Amino acid sequence: MKIKGFLKDVGGASRVTKARLSAFETASAVPVKEDPIGNVAREWHPGALELEVKSIRPVSPTAKTVRFEKVGGGKLPPFYAGQFISLAFPLDGHVLCRPYSISSAPFEARQEQGFVEITVRRSKGDGLISDYINDGLKVGDRLLGNMGLGQFYYEPLRDAKRVVALAGGVGITPFASMAKEIAHGTLDMDLTILYGSVASNDIILKDELAALEGEHVHVVNVLSGDEPGWAGERGFLTAELIRKYTKGDTSYFICGPQVMYKFLRGEIEKLQVPARRVRFEVFGQAKDITAFPGYPVEKKDEVYTLTVRRGIHEDKIPARANESLVVACERGGILLLTDCRSGECGFCRTKVISGDYYVCPENDGRRAADKDFHYVHACATYPLSDMTIKIPIE
Amino acid sequence: MNVDWLKVPEAYHASLPGIEVTLHPGLETFAKEVDKEVPGTYEKVLKLLNLCHTVFDSVNELSVHPMSKPMMLLKHEAFVKTAGYSTKEVIDTFGLPQKAVDLLAPYWIYVGSGFKDLPFTIFSVLMADYIGYGSYIPRKFSHEMSLKMAERAEEMGVQIEYRQHVEKILVKDGKVYGVRTARGDEIYADYVISAAYPNKVYTSMIEPISEVPEKALKMVNGRRLSLTAFSVIMILDKPAEELNIHDYSIFRGDTMDTDELYSDLAGLGPYRYLTCICHNFGNPEATPAGTCSFSITTLPRVDGWKTVTADEYDAVKHRVAKQMIDDMSKYYGVNLLDHVLEIVIETPMTVAHYTGMWNGCIYGYAHTMEDHIVARLQTAEEEKFIEGLEFAGAHQISGDGMGPAVTNGRKAAKNVLDDIKKKKEAAKA
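Chains A and B supply the protein sequences, listed in that same order.
Take the first sequence: its position 302, counted from the start at 1, is 302 in my numbering, and no numbers get skipped.
Take the second sequence: its position 336, counted from the start at 1, is 1336 in my numbering, and no numbers get skipped.
For the record, the hints were derived by calculation from the structure and aren't laboratory data.
Keep in mind it's a predicted model, so treat the numbers as computed, not measured.
The reader is advised that the hints may include incorrect statements.
Calculated from the model, a selection of chain A residues having no Cβ within reach of chain B, i.e. all distances over 12 Å [said to hold, decoys possible]:
(1) Lys70
(2) Pro90
(3) Gly93
(4) Gly248
(5) Lys270
(6) Glu302
Only part of the chain A face toward chain B is listed, based on derived beta-carbon distances under 8 Å [said to hold, decoys possible]:
(7) Gly11
(8) Phe24
(9) Pro31
(10) Ile37
(11) Glu155
(12) Pro274
Where is the CB? At the ideal position from N, CA and C, for every residue including glycine.
Given the sequences, and given the hints that come with them, work out the whole structure.
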């Protein structure tokens, strides 16, 4: 065969080798360390940031807003209004991670002295960290936070420009962030918040939200309690009420307590809107795992032995059948970092070496191939026998 | 390792100026289909594809069994004689009409260089592999393949520790002795195989940095980074056919001049050459019934994206994504934006975030006539600047792609094993 002539053809390999070596010879020897694309990635997602509590203020009789700034000051990472931050609380020598929707706006994080706020309600006795934030956390305290997480935000290429938010209790926080960003002129959408509370004095961020009311932001408080003199909407967030505040093509964003999700699924169904117009924020750790289909209720009070491998190190800790593997590790003093705690993000992906387990169907975010090889998301997985798992070394 | 492979029905659908055709794998089938579009080209196209196949076989053999130059000329004539030429130079000798050349070109983006730059050797491997054998996908997505590889490795005694960030590669007297992770662990080893780019390793990972010879810096500075990725991945709320989508893989361009398109990739869009995949044609169960998955990808050069700041990032990302969706919507006559159930936009920054790859680059160094795979093979030994340090990834000899990734990894492993063997034998003697 012939391309250009025998000698030229057979000399090809030597020719290209010479070309390559001469390119190297003439190249600079000055190290080029710049990785600008990586730098942008790290600016958005720097990993664990050291944060300091700057202020704590009550925003209802039962809820407080905590403001954090970066230790040493400066801008915080960009994020989308509606996303959450995962905070690591050092408590009794253990580290407990919890996700909180950011209630401040993205533009506030990007100021020269940026800040983020979370708004947390005191629990009815079952929220260890919520109560700690309300009663124990002090200005000047420091903790680690990982932010810009989650999928619960307005995506202009997917969602209708008009969004009706259905919020209950502390589920108002992602919408507070969106409303602030809209009012600031940096988020192009229309937001109507239907906010369900029991009583008017229990409305979280009431004044702050009222101040944001404008052309693109509307807040409608809906009270379920029997409160005399209340002139606004009453009852629950029913299909009828939702329809009243819907104009044209609308996306519905839902965030609130787990009982509200169940109710609203039914109401949303009555609206007969396309699936792509409905978005629920993640569920959170199941309040009562025994209520889910397929959970072996007879095992709920069992306590098993959980063997946890980290590298070549092994620990044995007790694990209750009605608590997730993550909670078992937290109780046992084993550091297993989490982000969403709803089985969605995969940050606590864990390999099950042996043992039986149950995965909360509401929070089953496992990938198809992971199921085959017993990789689970520890926050959504419950032991049903003694187990051995392998987790990352932190 | 047993991956559940599914065969992709076609090679690709080409949507180019004056061309709207679906072509299928198999060298003869492909040549026949091209002939239907451009009558009278069958013999020449088949001859070209067969040449590709011969070169491909030689590359495979020679990467395992090196041989002397005269021997090579004798046994691997086509490989030797085409090695010094670009894809354009070799294709030109076939005297094919431009339309036929255009039909052979769509896969160019999977090796990432225009035909004036692209070594014919690489074009051969690409065509023989994809057109000759067709494409397959794992039933449970790429995760099935990576997970099964990891599982198999563990079965054979490998210890894998995820989420450990290696910050430093420890070197003394020109020889590797371990690594240090972000949490401060030092792990000692006689060999380290780095997936991080040589650019990163030689500028900030070697400790002490004085152990990096000038030649290593000249090497990385003398090479051109190849492509990164920008993908819009959507789940749509209708079956594909109802949205006028009929193929697994669609290449759409407003020209098929690969050199012109390559220049275009240095910018920030609108990108003129798009690659679309509808997974459901390879695997009907890829998404729930009544829905389909559709992705639109462009593979830009890192140049444009290097200029984007953190504050501009979201606006640029959405602008580019919308241009790509609008372009494909126009093509299908269906506004895809009316059907988005889920959408994820993956950018060069996303690649950098999840993989840590240098500047989000996924293709390693550009395949060019100045950085030719044949030259890379010839000088590989001289480019081992630190004893015990090997590299695996797209930045190695075979470059980007699933097959080359495996070849690159194997090569690194073989180098380590050969060295261990050599040292054992030396100790015995």
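Against the structure, the hints come out as follows:
The claim that Lys70(A) lies off the interface holds: its Cβ sits roughly 15 Å from the closest Cβ of chain B, which is beyond the 12 Å cut-off. Distance check for Pro90(A) against chain B: the nearest CB is about 17 Å away, which clears 12 Å, and the non-interface claim stands. No Cβ of chain B comes within 12 Å of the Cβ of Gly93(A); the nearest lies about 19 Å off, and the non-interface call holds. Listed as a non-interface residue, Gly248(A) keeps its Cβ farther than 12 Å from every Cβ of chain B; the least gap is roughly 14 Å.
At roughly 20 Å from the closest C-beta of chain B, the C-beta of Lys270(A) stays outside 12 Å, upholding its exclusion from the interface. The beta carbon of Glu302(A) sits about 30 Å from the closest Cβ of chain B, which is more than 12 Å, so the claim that it is off the interface holds. The interface hint given for Gly11(A) is met, as the beta carbon of that residue sits about 6 Å from the closest beta carbon of chain B, less than 8 Å. With a cut of 8 Å, the hint placing Phe24(A) at the interface with chain B holds, because the nearest CB-to-CB distance is about 4 Å.
A hinted interface residue such as Pro31(A) counts as satisfied when its beta carbon comes closer than 8 Å to some beta carbon of chain B; here the least separation is about 4 Å, so the hint holds. Checking Ile37(A) against chain B: minimum C-beta separation of about 4 Å stays under 8 Å; hint holds. Because the beta carbon of Glu155(A) sits about 6 Å from the nearest beta carbon in chain B, less than 8 Å, this interface hint is met. For Pro274(A), the interface hint holds, since its Cβ comes within 8 Å of a Cβ in chain B; the closest pair sits about 6 Å apart.
Checked against the numbered hints listed earlier, the structure breaks none of them; every hint is satisfied.
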